[in-house]
Each structure stands twice: as C-alpha cells, then as structure tokens.
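**Student:** As you go down the protein sequences, you meet chains A and B in turn. In terms of our numbering, the numbers along the first sequence are unbroken and rise by one, the last being 162. In terms of our numbering, the numbers along the second sequence are unbroken and rise by one, the last being 278.
If you are wondering where the hints come from, they were derived from the structure by calculation, not from laboratory data. Please note: incorrect hints may appear among the correct ones.
Claimed, not checked - Taking lysine-lysine pairs in the DSS-like style, the calculated list, with each CA pair at most 27 Å apart, reads: (1) 3(A) x 13(B); (2) 20(A) x 38(B); (3) 206(B) x 194(B); (4) 20(A) x 135(A); (5) 205(B) x 194(B).
Quick caveat, the model's predicted, so the values are computed rather than measured.
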Amino acid sequence: MTKRIIVYIILGVMSILLQKFLDNFASLGSVAPQLVILFVIYISLREGQLFGVTGGFIAGLANDMLVTHFIGFTCFVGVLAGFISGFFYRESEVDLAARTLNFAWISAVTLFLTELIALPIVAAGELNYFYVFLKFTIGTTVYTSVFAMIIVFVNGKKNRYV
Amino acid sequence: MFTWISEFFSLAKNYIIFALLLAISLFMISANDNNYTKGLQAAGLVTTAYLETGVQHIVDYFLLSSRNKELLKENARLIDLAAQTHLALDENEQLRQMLNLKSHSTTPLVPGSVVGRSSDGGRNFLTLDIGSDDGVHVGDPVVNGSGLVGIVSSVSGRFSLVRTLLDADSRIAARLVNATADGLIEAGSYGELKMSNVARRHDVKKGDIVETSTLSSLVPPGIVIGIVSRATDKPGNIFKEITVQPAVDFSSIFAAFVMQYKPPTAAATLEKEAIGKK
Numbered sequence: 001m002t003k004r005i006i007v008y009i010i011l012g013v014m015s016i017l018l019q020k021f022l023d024n025f026a027s028l029g030s031v032a033p034q035l036v037i038l039f040v041i042y043i044s045l046r047e048g049q050l051f052g053v054t055g056g057f058i059a060g061l062a063n064d065m066l067v068t069h070f071i072g073f074t075c076f077v078g079v080l081a082g083f084i085s086g087f088f089y090r091e092s093e094v095d096l097a098a099r100t101l102n103f104a105w106i107s108a109v110t111l112f113l114t115e116l117i118a119l120p121i122v123a124a125g126e127l128n129y130f131y132v133f134l135k136f137t138i139g140t141t142v143y144t145s146v147f148a149m150i151i152v153f154v155n156g157k158k159n160r161y162v
Numbered sequence: 001m002f003t004w005i006s007e008f009f010s011l012a013k014n015y016i017i018f019a020l021l022l023a024i025s026l027f028m029i030s031a032n033d034n035n036y037t038k039g040l041q042a043a044g045l046v047t048t049a050y051l052e053t054g055v056q057h058i059v060d061y062f063l064l065s066s067r068n069k070e071l072l073k074e075n076a077r078l079i080d081l082a083a084q085t086h087l088a089l090d091e092n093e094q095l096r097q098m099l100n101l102k103s104h105s106t107t108p109l110v111p112g113s114v115v116g117r118s119s120d121g122g123r124n125f126l127t128l129d130i131g132s133d134d135g136v137h138v139g140d141p142v143v144n145g146s147g148l149v150g151i152v153s154s155v156s157g158r159f160s161l162v163r164t165l166l167d168a169d170s171r172i173a174a175r176l177v178n179a180t181a182d183g184l185i186e187a188g189s190y191g192e193l194k195m196s197n198v199a200r201r202h203d204v205k206k207g208d209i210v211e212t213s214t215l216s217s218l219v220p221p222g223i224v225i226g227i228v229s230r231a232t233d234k235p236g237n238i239f240k241e242i243t244v245q246p247a248v249d250f251s252s253i254f255a256a257f258v259m260q261y262k263p264p265t266a267a268a269t270l271e272k273e274a275i276g277k278k
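Required output: the full structure, derived from the provided sequences and hints.
**Tutor:** Okay, here's the thing in structure tokens:
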C-alpha cells in the first residue's frame, strides 16, 4: 500500500505540474483540461471512495496553491469528483474501471456533475448562467474527457476497451 | 451508545469525511481574503515561482543549445558574406585599374567578363563573354588593370578563349626595363613565369620590371608582364635563368580587356623592301 501511495503522490505532483503547463499553453478561451480531477477520478476508481475524497482534497489544495491560487475551489471539485467517481469503484474490477474506455465515460459523467455543482461558484456575479454553463461546465467536461481518452489509449489495457 | 456511534461511523464514514472536506473547501473558498488563506496563497506563489525558475533554467539550457546552433549558422553566413565582400573589393579594385587603363590606352579596348577558367595539364585558358560579334580576333592581346593576361587563341560569335601567360604554349617577347634586355616570357613552375634568352652580361636584379617588348608582333610594347623574383647564372649556360612573378593574379581575375591591336605595318614593309633589294 505504501508503495502505491508513493506512486500516487508522484502521479499527483506530475498531474499538478502538467496542469500548470496546460493552463498556460493548452487553455482554449480560459477553459483548460482538468488533469488533477482526472487524477482524483483515477485514484478513486482504483482505491475507493474514501481514498478518492481524501486524495481529491489534498490534490485540489495543492493545485489551488500552485496553479489556480484560488484556495478551496479545486478542493471542492476534487472532493466532489472523488466522491462521485467512488460510486463506480468495484474492488474486483479495478482495471476494468480505471484502464478501459470506462474511465473516459466515468470521467465525463463525474466532470459534468462536479462542474455543474460548482457552477454557482464559477458563475458568481455572472448574469448569464447559461453562457457560463456552456463554456465551463460543458467545455471543461468535453475538453477533459478528450484527455481522459488519450490517457486510456496510452495507459489502457488495449484488448479490453469496453 | 459508543458501539452505535462506531457502527454508524463505519457505515457512513465516506459520507462524513466527504461532508467534512466539502465544508472545509467551501469555508476556504469563502475565506479567500482571510489571512490564513492568504498565507497558503503566498506559500503556493513562492513554490510556484521556484518551480517556474527551475523549469525556466531547464528550458534555457535547451534554448541555449538551439541558440548556439543559430549563432553558428549566423556565423557561417557572416563568413560567407565577408568572403563575398572581399571578392567584391577585389573585383572593384580590378575594375578601377581597368578603368584607369582604358582612359590611358590609345588602342581600342573591348571589355569582357571572365565566364570560365581551365587549367589542366599545363593548359591555362580563360573564357571571356565577348567574341567576334564584339570585334575580337584570334591573336588579340588581352590585358587587365594589372598587366598582360594573354592572347586570344580562338573566337566564336559571343565568346573568346584566351591563352594566358601561364599556358605551356605561351610565348611572348618581353623586355627587362632596367637592364634594357629582351627575352622570351613563357610559363614557369608554381604559377610563375620564366624569362629566357637573356644574356649573362645583363645586370638583372630581383624586383626588375618585365614588360612587353617592341620586338613583339603580337602585343603593343610597354604592357607590364611582371617583376623579376629570381635571377641566377648557371655555369656553362650563356643565358640567365630568370623567374618572373606575373603582375596579373590569374586565380581571381573577373574581367579583362581585349586590345584591338594592329601591329605597325611600316616596319614590316621596310623589312620586306630591304629583303627585296638584296
């Protein structure tokens, strides 16, 4: 378990650093892929809901400190993502959820729900909620899901795309 | 009571921790202006700054490598440019000398550019972009601002082939200006010329000027051929061995004049008359 935690810490640090890079160079109209949230979903699918929620909080806090500089927001989204994706955790079918195309659609559903719940925070002060919904909720979900599919194709079990 | 609480916690721990962390997150969002939160932000900014500086160093390292390549390329381009400038200066100098020559020459001069060179097996020719259409004839002398280049050996409508002084078959009557001695200039070794048929009694020194002779029926007299670089007497040889450094730099010649020279016919007529009287 300790070894796995070390691997997750390394993965988490890498995803935050990559997130920083993507925010600077790959954001489309201030919409960037949420790699940290993908990481939270991944650990939640591999280790369960509690691990996902705690990991989401820690990774989110680190991301807020290092990337967004808006303390609490990614924590909030991370905790939600860990919690929602935790419902898809199956102890006996870890690889099936985390390393097949299931990961992509679970990520899409989780991201949509978390971004939807976080919409009031994102849209604070905005009059046009629908615009913010389209741009951030849908935009982030689609953009991040594309990355989720890339991760599946790079890291996934090639013969088990379900 | 305690058991009930313990069972409840074990059943609902995910929800409890989720609710707790969610509440903390919301609290932190609402307290973004709080001093503690600002402390976290500051710590994050400092860490990010360090990370970005580190990344920048790495990026700079790779950029330096590519910048170094760009500078090397730029250096090569500048060297090429300097070489071209040097060639242009040489060409300019030659053209200035030729212009000076043209203003002083009484013989009509046809200017031409060197469009080809061939030097192989003792042969040494230049190709000029002027030919019979421009009034060039076989046997016309060719000069540039420095001195005699050679003699036109063949002509087409638009081009002419010049046998230079360095060609093995080139023979030009020449004169040592200081020693007032005549001889024959022909190709020597290592890009030099040799002057033959100069008697040992003549006082020839290094640096003496060699020019075309009045005895030549091919070229007008007084055109510089070169300067003496070495003059020696060998036992048993009635002639001096003279090496001449050509005035013309044949390796960098860009342009030349063809002289439309017609040798004076009076002397030849007199000679013929004298022979006829005998």
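**Student:** All hints, please: hold or fail.
**Tutor:** The hints, checked one at a time:
| no. | hint | verdict |
| --- | --- | --- |
| 1 | 3(A) x 13(B) | 25 Å, holds |
| 2 | 20(A) x 38(B) | 20 Å, holds |
| 3 | 206(B) x 194(B) | 13 Å, holds |
| 4 | 20(A) x 135(A) | 20 Å, holds |
| 5 | 205(B) x 194(B) | 14 Å, holds |
Hint compliance for this structure: no hint is broken.
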